Amino acid sequence: MVNLDDIKKEAHRILKEKKVKYIIGYTQGANGFPAVPVFIKNPEDADNLVWNPACIHNLTRFLRDEKKRRAREKHPDNRPVGIIVKGCDSRAINVLLQEKYIAREDVFVLGVSCEDTGVVDEKKLAKKLKGKKALCFDWDENRNLVVTTEDGKSTINADEVLAERCLECPAQSPVVYDILFGDKVKLSPEDRFKSVEKIENLSQKERWAFWKEQFDKCIRCYACRSVCPMCYCDECVVDTISFAVTADTTAEEKAQKIKWIDKSPVTSETYIYHMIRAIHLAGRCIDCGECERVCPLDIPIRFLNKKLEKEAKKLFDYEVGFDPDQLSLVSSFRDEDPEDFIR
Amino acid sequence: MKKRTGVFVCHCGINIAGTVDVKKVADKLSKHDGVAHSEDYVYMCSDPGQNLITDAIKEKKLDSIVVSCCSPTLHEKTFRNAAKAGGINEFQSEIANIREQCSWVHKDKEKATVKAEKITRSAVERVNKNESLEPISIPVTRRAMVIGGGIAGIQAALDMANTGFEVVLVERSPSIGGHMIQLSETFPTLDCSQCILSPKMVEVSKHENIKLLTYSEVQEVSGYVGNFKVKIKKNPTFVDPEKCTLCDECTKVCPVLTSNEFDLGLTGRRAIYMPFPQAIPATFTLDDKHCPGLLPIACGKCADVCDPGAIDYDQKPEIVEEEVGTIVVATGFDLYGKEEMAEYGYGKYADVLDGLQFERLCSASGPTQGEVLRPSDHKVPKEVVFIQCSGSRDPEQHCAYCSKICCMYTAKHAMLYKHHVHDGQAYIFYIDIRSGGKGYEEFVQRAVEEDGVVYLRGKVSKIFEDKGKIRVWGVDTLSGKDIEIDADMVVLAQAMRPSKDADKLAKLLKIALDKDGFLQEAHPKLRPIESVTAGMFLAGAAQAPKDIPEAVAQASGAAAKAVAILSQERLFHSPQVAKSFPDLCTGCGMCVDVCPYDALSLKDGKVVVTEVLCEGCGTCSATCLRAAIEVKNITPLQIYEMINASLGG
Amino acid sequence: MAEEFEPKIVAFLCKWCSSAGSDLAGVSRMQYPSNVVPITVMCSGSVSPLYILNAFNKGADGVLVSGCHPGDCHYIKGNYYARRRIALVKELLEYSGLEPERFQMSWVSAAEGTKYTEIIKDFVKILKPLGPQEKLRRSQ
Amino acid sequence: MQKILTKKSFPKWVANLATYQIYAPVEKDDLWSYEIVTADEITTDYPNTVLSPKKITFPQREFFLEFSQNDDGIPGVTELLPEEKESVIFGVRPCDAKGVSHMDKVFGGDFEDAYYWKRRNQVTLVGLSCNTPPSPNCFCTSVDGSPHSTDGLDVLLTDIGDRFFVQTFTKKGDRIINASKGLFTAPKPKDKTDVEKVHKDAVKAMPRSLKDTKKIPPKLKDLFEANLWDEEAMSCIQCGICTYLCPTCHCFDINDEITSHSPLEGKRVRTWDNCQFPDFTMHSSGHNPRPDKASRLRQRIMHKFQYFVEKYKNFQCIGCGRCISKCPVGIDIIQVLEKVRDHV
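Residue numbers (the working numbering), protein chains in the order written: chain L, 1 to 343; chain D, 1 to 649; chain E, 1 to 140; chain R, 1 to 344.
Calculated from the structure, these hints are not laboratory results. Because the structure is a prediction, the values reported are computed rather than measured. Misleading hints may appear alongside valid ones.
Unchecked claim - Here are the simulated lysine-lysine pairs, DSSO-like style, with alpha carbons at most 27 Å apart: (1) Lys77/E to Lys314/L; (2) Lys603/D to Lys77/E; (3) Lys579/D to Lys254/L; (4) Lys132/L to Lys200/R; (5) Lys217/L to Lys200/R; (6) Lys338/D to Lys579/D.
Said to hold, decoys possible - Residues of chain E clear of chain D, computed beta-carbon distances all greater than 12 Å: (7) Ala11; (8) Glu101; (9) Asp122; (10) Lys128; (11) Leu130; (12) Lys135.
No residue lacks a Cβ here, since even glycine has one placed at the ideal position from N, Cα and C.
Okay, chain L solo, but in the shape it has when bound (with noise of 0.2 Å):
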């Protein structure tokens, strides 16, 4: 079982002895649920830390702010960022890595194991406590959810109130660390794929009518884009201008960007914006469900990543996040890639 109180001792440690810049953790939100990214530079805020189901974010989407910041400052700080992942956090830092768009030594890694649960989906739960706030709540050891509310405790199997991609997960534990807490497991869930399983077995028609009612709720806040660790690109193709605009940029220059994609959050555009996300997360995406979570509309944008996970594993065998030196996906081949598609 992970000891919130070894977390705060380590995170104590480290901040103490100056070993970090700061450390990118969990603490209470201010209603309850979910738990709220914090940043912590003093010691003594250490203690504000929280470690429960209700940890949903993916703390690595902050490592772009800080390359930002660093630069822009003339006599930047380069100590390490200690920052607190899960298991599939923890990929996003190897995938991050390979990409070479952070170095080892930028962080100091507090791998969190999921253990054999995960991390609780808000609506889910919402739904079980019929709108009532959970006061405090924590897994017990049989894998249900104690939930305190106004009303006394209840306990919740896990599986009603996982996240969806908890359910789906190949690594409850971190899979780089400096430092672990709780204990190493990887199951593997029989059906990784269900949730993508459940659209590819609709017909055609019945695809696209999914697709479309989803789309078209789209009001393109791009919520998605941004809480995502691996958009990271300094300037998107729903971007009107480019950030690569500088003072001596010519004309010429500005006016090669090309639109892709209008900013009318019709069908056929934001299809496309969906299209083009996803293909540019095939094989690095690495499940962490933030996109779907924080989608105001309630998009499953998270199927489409699924998607091209599932096909990244059944076509070329590729697996992300696991190892940070092997090539990315769209940098490789095999001979024996699957062609029998191509006439």
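Fit chains D, E and R to the given chain L structure using the hints.
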């Protein structure tokens, strides 16, 4: 800012105009954004047609042109030159292929016209975003390398050296000369092989422009046409040629006896030896595989008797690095092993020889000083059976191809045999006689008529030893009769195959092999001398089975090709290469991984392009997630515009 | 009377094999429907998924990507990367509800004019009953 | 005027508004949103919709004009105004209505935005006072609002058991009542006392609050350079949720969107834009006056609680709590404002 583009629609007689309303296309395009001039003409590629273009460029102040005509593979150059002549950059010219990809494949005039329009519009959109480019110029290292010191390599080296360029000739064995120096006489003139080759060998050794590296092997090749860097491993001979006086004392005391490669095992040699009397360089070599002397205190006899003290057991292999602008590969051939021939006794029988062994047997400098004697008992063979196509033309078990020279040398062998053994009888089993070549057919006739060689059309099914004879079972397919001959000697015309380790070398050089393992020419008809890699040329039997004249011809051809490169101060490389955008690059290195030419590398976390290595395939740009790299003049923006134009209307 | 639906096809052809192959079809005067507008690229490996999506977005009813046969790539291995990339795009598009028939890939060598002709003929035949592609098409 | 409408006759009333397009909150997959409905789909028990009625009065995308180029390359342009269609939106939360009224100020005044008003004038807002808070993050009372505020509404309904207490404040409001005079009766004293009680209780039920908001605008003036913004923005991911969901955010972008390139066809389109997006303030020179998320978060707060207040004497924020509920990283505007208020 849109450009001022000129559009020129070609009728190509009726080839295009027959199915495409060229006037309409020209008229429609004249209204396309950025088109300042648009016209049609019956033959754009004709001089008047080209003048039309150059004039229009000048009069209408065009800064780019699109020619709607045949495939760019045909006239791209023509119209780029026309653009140049008009005073604009050649890369401001694009071709819209409305013949092969439109008029020729459609009948419906209306539809074909619409399509021709779209194709042209998309070319206009492309050229609109074309950069003016200048070919990338690369300084040339004006030296050449020849790999392989057989007749082809020698010829190529001499030809290049004689044009005044320095040549590095690399040979794997201790002496140059290759297989030709092993031959006795050569068809169809029967002149002595060594007599015609050794002068060339001497010339090589004396030539001021030739740097000879024998007993050496290529280990590493880097760079590109005009600027290759080659690492060569020089194996130790343990003998200093400067000091060695060729007194030959050492061989007398050497206790080791091993089989002599030069005589193909028909004789033996010492561990310290000179491959053959005319060897170049003329010096001894101590073969460390057999010499015990290299082990401390083991032997050392040769060193003791060597007054000049030329022998140095402590010699180590050294790595020589050579910079050259071009490379000629002449690694030659080996014979297909007798041991492969189940039907002919796996080469177990002493009196079953292959062609080269028989050459040695006939050679005045050979084991028997030119007397034809059976290796087993040194008796004069009275009946000799020659078997052609041994291992050739046999896709099931051996080589599918025809080794080409066997018909001729077998005829020669039979003839030579008769000249040595007047009362002997020569039989030749053959499938076909292929005697194409100057004086070749006559030569074969001479063998039959003057020397009474018996030609039997058919294959030999089996040979085996029986009471000191070699029994040959065959069939004469002309008479249909089974034939059994008790021969004293059998000579197998073994197939020619690429020399040992040619494939490894090809890998180092990044040049392809064909299905049989011979070096692949760039084009079977039009570029038979070039390899697929720019700046590397092929000579001799390394490319395909050849006889001496062919090998020499190709060698001179390769030399000429190589000199064509060396005679230039600088080479020019297409400027349509990758271009990176550091501001967008995050240094993930995916493009570096996919580049087939190692043209990309990371420097301080950003990708950089080595333009001379880039062939402009664009795989990097499709791989990049951040649009941080693209190929000039076929950028994503241009494709984007082309897509839009192709779909409009 | 309504005239028959004519699908619009964009074909990305690699310069060395497929484009040459379609040239050969021309030289041999083979006949195929005029629905396809070819865009010649250097290598199938240079075809970005964005091109494919953009073609559909700008009204293509079908998209074809064609390159050299495995092993024949003029650039040694570009088509292997294409094969992998396109496989992913194809899976994704089908999964998200696009008719699978609308997006195809083929290997066409410089000698395969006939094959190119057949591919285009069949493609048009398959696309006609599907009608116009509206899903990714920018129209509203 | 003040009236009483029994819940029984409510559907009849809606039915009588056949000439109008009727909008009301409906639920699909746990999400509530304003959609075109029929009388029987309208309910009084619903949480905050994801998007406020802003999506109707100021749609995320609207056309300005249509352009094209004929065969001879001659361009043509036609103006596109919103379609003629009167509509009534039922179940508008008082805070959201206030949002609309704030937006009226922005698009009205010295310069009137023709497109906005063409649409706005055709919309009648029928509010429903919040007897129970529709969101755990409601705090309208802290920003000069209330669960039964009337600002921006044409009509306000209050659920008092088996009947609605109906108040109208505009001609538009009167019109839709008068359309079905017979259904409405004059309120009795009991009705009035009931309403007052319901309204009082609603205020008490307010789940969240922010004290001394008055102190905030002057305080903000001096905090432009404060590093408080850096700390608050650390966890911001720069998505557009808070602003797109905000009933009062009104920034927009105008683009020419091309549907066909040859011949050229397309529309000039206005779409929502978002001050939290990095490219929002990007200059073509490459200079970005709001280069980091701190400055963007500051902008959101400053705009709502200082700039707007200076110009219109009102908080722009109407306390609906959407930005709090939906923020992916739990940035809580109330907590931020408290830090601002108590900043020393």
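How the hints compare with the structure:
As the CA atoms of Lys77/E and Lys314/L are separated by approximately 22 Å, the hinted pair is consistent with the 27 Å bound. With a CA separation close to 24 Å, the supplied pair Lys603/D and Lys77/E stays within the 27 Å bound. A hinted pair counts as satisfied when its Cα atoms are at most 27 Å apart, and Lys579/D with Lys254/L qualifies at roughly 16 Å. Pair hint Lys132/L plus Lys200/R holds up; C-alpha atoms about 24 Å apart against a cutoff of 27 Å.
Between Lys217/L and Lys200/R, the direct Cα distance comes to roughly 37 Å. Violation of the 27 Å bound is thereby established for this hinted pair. Simply put, Lys338/D and Lys579/D have alpha-carbon atoms about 56 Å apart, too far for the 27 Å limit, and the pair is violated. For Ala11/E, the requirement that its beta carbon stay farther than 12 Å from each beta carbon of chain D is not met, with the minimum near 9 Å. Under the 12 Å C-beta cut-off, the non-interface status given to Glu101/E relative to chain D holds; the minimum distance is some 18 Å.
Every beta carbon of chain D lies more than 12 Å from that of Asp122/E, the smallest distance being close to 15 Å; the non-interface claim holds. A cut-off of 12 Å between C-beta atoms confirms that Lys128/E is not in contact with chain D; the least separation is 15 Å. Interface exclusion of Leu130/E from chain D stands, the closest Cβ pair being 17 Å apart, more than 12 Å. Under the 12 Å C-beta cut-off, the non-interface status given to Lys135/E relative to chain D holds; the minimum distance is some 15 Å.
In terms of the numbered hints stated before, the structure departs from hints 5, 6 and 7, listed from lowest to highest.
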